[in-house]
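Line by line, the protein sequences give chains S and L. In terms of the working numbering, the first sequence is numbered consecutively and its last residue is 331. In terms of the working numbering, the second sequence is numbered consecutively and its last residue is 686.
Calculated directly from the structure, the hints in this document are not laboratory data. Take the hints with a grain of salt, since some may be wrong.
[Claimed, not checked] Once the Cα atoms are required to be at most 27 Å apart in a straight line, the calculated BS3-like pairs of lysine-lysine come out as: (1) L:563 x L:391; (2) S:268 x S:320; (3) S:43 x L:499; (4) S:248 x S:268; (5) L:499 x S:51; (6) L:638 x L:651.
[Unchecked claim] Example chain S residues on the side facing chain L (calculated, C-beta under 10 Å, incomplete): (7) 24; (8) 61; (9) 66; (10) 74; (11) 75; (12) 96; (13) 108; (14) 109; (15) 112; (16) 126; (17) 142; (18) 143; (19) 168; (20) 320; (21) 322; (22) 323.
Beta carbons are placed, not taken as given, at the ideal position from N, Cα and C, and that holds for glycine.
The primary structure of each chain is shown beneath.
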Amino acid sequence: MARTLTMIQAINEALSQEMTRDDRVFILGEDIGLSGGVFKVTDGLLDKFGEDRVLDTPLAEGIIIAAAIGASMMGLRPVPEIQFADFITPAVEQIIQQASKLRYRSAGGYSCPITIRICCGAGGGSGLYHSQENASWFVHEPGLKVVMPSTAYDAKGLLASAIRDPNPVLFFEHKSLYRQAKGDVPEDDYTVPIGPAAVRREGRDLTILTYGYMTPMSLDAADQMSKRGTDAEVVELRTLAPLDKETILKSVRKTNKVLIVHEDKKTMGLGAEVSAIISEEAFEDLDGPILRVTGPDVPAIPFSPNLDKAWQVDTSKIIAGIEKLAAY
Amino acid sequence: MASKTNRAVMEPETERASHSPDLLLGLYRMLVKCRMCDEKARILFRQGKYKGNFYSGVGQEAAEVGTAYTLRKGDWIAPSHRDWTANIIKGAPLKYCFAQLFAKTTSPDRGRSSPAHMGFPELHVITPASSIAGQLNVGTGVALGIKKLHQDSVVVAYCGDGATSFGGFHEACNFAGVHRLPIIYVVQNNLWAESVPLRLQTALTNLSDRAKAYGFPGYPLDGNDVLAVYDAAQTAIARARAGEGPTLLECKTYRWYGHSEIDPAKYRVKEEVEQWKKRDPVATFEKKLMDRKLLSEESKKEIVAETTKEINEAVEFADQSPYPDGSELWDNIWA
Numbered sequence: 004m005a006r007t008l009t010m011i012q013a014i015n016e017a018l019s020q021e022m023t024r025d026d027r028v029f030i031l032g033e034d035i036g037l038s039g040g041v042f043k044v045t046d047g048l049l050d051k052f053g054e055d056r057v058l059d060t061p062l063a064e065g066i067i068i069a070a071a072i073g074a075s076m077m078g079l080r081p082v083p084e085i086q087f088a089d090f091i092t093p094a095v096e097q098i099i100q101q102a103s104k105l106r107y108r109s110a111g112g113y114s115c116p117i118t119i120r121i122c123c124g125a126g127g128g129s130g131l132y133h134s135q136e137n138a139s140w141f142v143h144e145p146g147l148k149v150v151m152p153s154t155a156y157d158a159k160g161l162l163a164s165a166i167r168d169p170n171p172v173l174f175f176e177h178k179s180l181y182r183q184a185k186g187d188v189p190e191d192d193y194t195v196p197i198g199p200a201a202v203r204r205e206g207r208d209l210t211i212l213t214y215g216y217m218t219p220m221s222l223d224a225a226d227q228m229s230k231r232g233t234d235a236e237v238v239e240l241r242t243l244a245p246l247d248k249e250t251i252l253k254s255v256r257k258t259n260k261v262l263i264v265h266e267d268k269k270t271m272g273l274g275a276e277v278s279a280i281i282s283e284e285a286f287e288d289l290d291g292p293i294l295r296v297t298g299p300d301v302p303a304i305p306f307s308p309n310l311d312k313a314w315q316v317d318t319s320k321i322i323a324g325i326e327k328l329a330a331y
Numbered sequence: 352m353a354s355k356t357n358r359a360v361m362e363p364e365t366e367r368a369s370h371s372p373d374l375l376l377g378l379y380r381m382l383v384k385c386r387m388c389d390e391k392a393r394i395l396f397r398q399g400k401y402k403g404n405f406y407s408g409v410g411q412e413a414a415e416v417g418t419a420y421t422l423r424k425g426d427w428i429a430p431s432h433r434d435w436t437a438n439i440i441k442g443a444p445l446k447y448c449f450a451q452l453f454a455k456t457t458s459p460d461r462g463r464s465s466p467a468h469m470g471f472p473e474l475h476v477i478t479p480a481s482s483i484a485g486q487l488n489v490g491t492g493v494a495l496g497i498k499k500l501h502q503d504s505v506v507v508a509y510c511g512d513g514a515t516s517f518g519g520f521h522e523a524c525n526f527a528g529v530h531r532l533p534i535i536y537v538v539q540n541n542l543w544a545e546s547v548p549l550r551l552q553t554a555l556t557n558l559s560d561r562a563k564a565y566g567f568p569g570y571p572l573d574g575n576d577v578l579a580v581y582d583a584a585q586t587a588i589a590r591a592r593a594g595e596g597p598t599l600l601e602c603k604t605y606r607w608y609g610h611s612e613i614d615p616a617k618y619r620v621k622e623e624v625e626q627w628k629k630r631d632p633v634a635t636f637e638k639k640l641m642d643r644k645l646l647s648e649e650s651k652k653e654i655v656a657e658t659t660k661e662i663n664e665a666v667e668f669a670d671q672s673p674y675p676d677g678s679e680l681w682d683n684i685w686a
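Here chain S stands alone, though its shape is the one from the complex (with noise of 0.2 Å):
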């Protein structure tokens, strides 16, 4: 049976379920336990699984994952949460010379099935260091999978995959979609395969290429220009890697026309790519030039409401640049 839940909630689910089905599973984090997480996103699993398996870390990025990854060596299924995206960087040398690696560098003789839960992303003013969206620095490190959803169907259904992938999966969770994406979500357990993208919305003229926070501001811009006489196609990756060249490269096929919308900075961003192999395996298919709508290449967004205003990419920014594109 399908209830309304938030995306929070959605994920509470898929880590109760996932830990009472498997009980290799076990989370460790800062503040997970007691206080239930930052977000509460890990609310009452203490009191439902113990200490034991729920473990309050000391404050160390760089321990709790390499604790994961040695623990996952041994067969169990950690499942670590970074608080916030921003402070991923002292476990990055976990991640990538470690996580991305060990099954490699083993040539298969060791494994590392750990699921990293991370905070990301613009929302409520945050300022510098609780904002960044910084999902594209492990994309490019072949060996990790990375998952960010949108929707609280979507969250509960990949995070139960991710947890049951034999590799390192970054789970991306966008914290303005924490309680802003609701819906139906069913009770029982079950998984949304990493890999598959979505298209969200069917349309003719040009399609979007976005993930993440941007989905729902995507949609609403398609929406708003759908009354104008434009009809966009929005397709949501969900996977950022491993890509779903097919379901991208379909829609590009069919529309002709590309504009990649990421909160993420212009210059390296997902888009760069994603716009190489269109123009790589597409080139012929397309009517105008790929364009992106992202976050502005300055260092992290600033604190004060005017500048933060000032950086954010909202809808009337996506809107220009559908109309832009469209007019090709």
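Place chain L on chain S using the hints.
This is chain L only, laid out in the frame that chain S set:
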């Protein structure tokens, strides 16, 4: 604790009942085997039999053998770049160890990692990254797994003096202290982190003092005395198996050669090297066994001959093994 004798082990003056002749000879055989394999690896590199580099542990054998000799099959070793011989002590057949140097398909990682960065999954030796102290962090995670699975295995994690300056060392030790994990951190303090002397690495006299900050015991040891190391390791391993938590063993020792085979180590004075060579961990133990009539010139020759034969066969095996095909580039990225 800051004594210069470096012998903070329990009952240092009395011979332990557990030092049976079999154990003493076993330790000796392993010391010889490690020394001979390491020297052979150096020669093979100089002969151009393999590329890359080799990080010799000659001079540090007592620290490795003393800590890893009695580990069980289920126990884990987290080696660094200088601990190629840890695989040998854990029981990896020599042919695979030399195949590792040669980057052949018969190496445990099918030629993926650089020569001395060897792991052996079957025997729980973790394939190391080159990141300094990384093996301490991952090894600590394995110890967490052991605890969660209620096993009685232990992890022995190796690093040099340089690694103790790295943040990862602190994070690993702190976490292991909090959770009383079954891990033994073995710091092989050879006085030089590549070319940086210990005085520029730390203000401490004994790196083992760091353990106090993490709430578990740390001991400074004569890392060239295999029995001193062995005794301390036995205590540490027993403590870990009993669920009483980690121990830090600082083995004060010396690497005879450069950081790697391409490092002539001109930053060290000759007298220092010569002085440490006089404290050769293999020769001093050998003399001890001969004095006790446990070893003769004849039996020594036999051990050397046997080991030489084993090494030659292993090198031959590695030499004859094929290189992996270029198509293997894409294997094992994802499960």
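Quick rundown of the hints versus the structure:
{"no.": "1", "hint": "L:563 x L:391", "result": "violated, 40 Å"}
{"no.": "2", "hint": "S:268 x S:320", "result": "holds, 14 Å"}
{"no.": "3", "hint": "S:43 x L:499", "result": "holds, 25 Å"}
{"no.": "4", "hint": "S:248 x S:268", "result": "holds, 22 Å"}
{"no.": "5", "hint": "L:499 x S:51", "result": "holds, 17 Å"}
{"no.": "6", "hint": "L:638 x L:651", "result": "holds, 11 Å"}
{"no.": "7", "hint": "24", "result": "violated, 17 Å"}
{"no.": "8", "hint": "61", "result": "holds, 6 Å"}
{"no.": "9", "hint": "66", "result": "holds, 4 Å"}
{"no.": "10", "hint": "74", "result": "holds, 4 Å"}
{"no.": "11", "hint": "75", "result": "holds, 8 Å"}
{"no.": "12", "hint": "96", "result": "holds, 6 Å"}
{"no.": "13", "hint": "108", "result": "holds, 5 Å"}
{"no.": "14", "hint": "109", "result": "holds, 4 Å"}
{"no.": "15", "hint": "112", "result": "holds, 3 Å"}
{"no.": "16", "hint": "126", "result": "violated, 29 Å"}
{"no.": "17", "hint": "142", "result": "violated, 14 Å"}
{"no.": "18", "hint": "143", "result": "violated, 14 Å"}
{"no.": "19", "hint": "168", "result": "holds, 8 Å"}
{"no.": "20", "hint": "320", "result": "violated, 36 Å"}
{"no.": "21", "hint": "322", "result": "violated, 39 Å"}
{"no.": "22", "hint": "323", "result": "violated, 39 Å"}
The structure shown violates the earlier hints numbered 1, 7, 16, 17, 18, 20, 21, 22.
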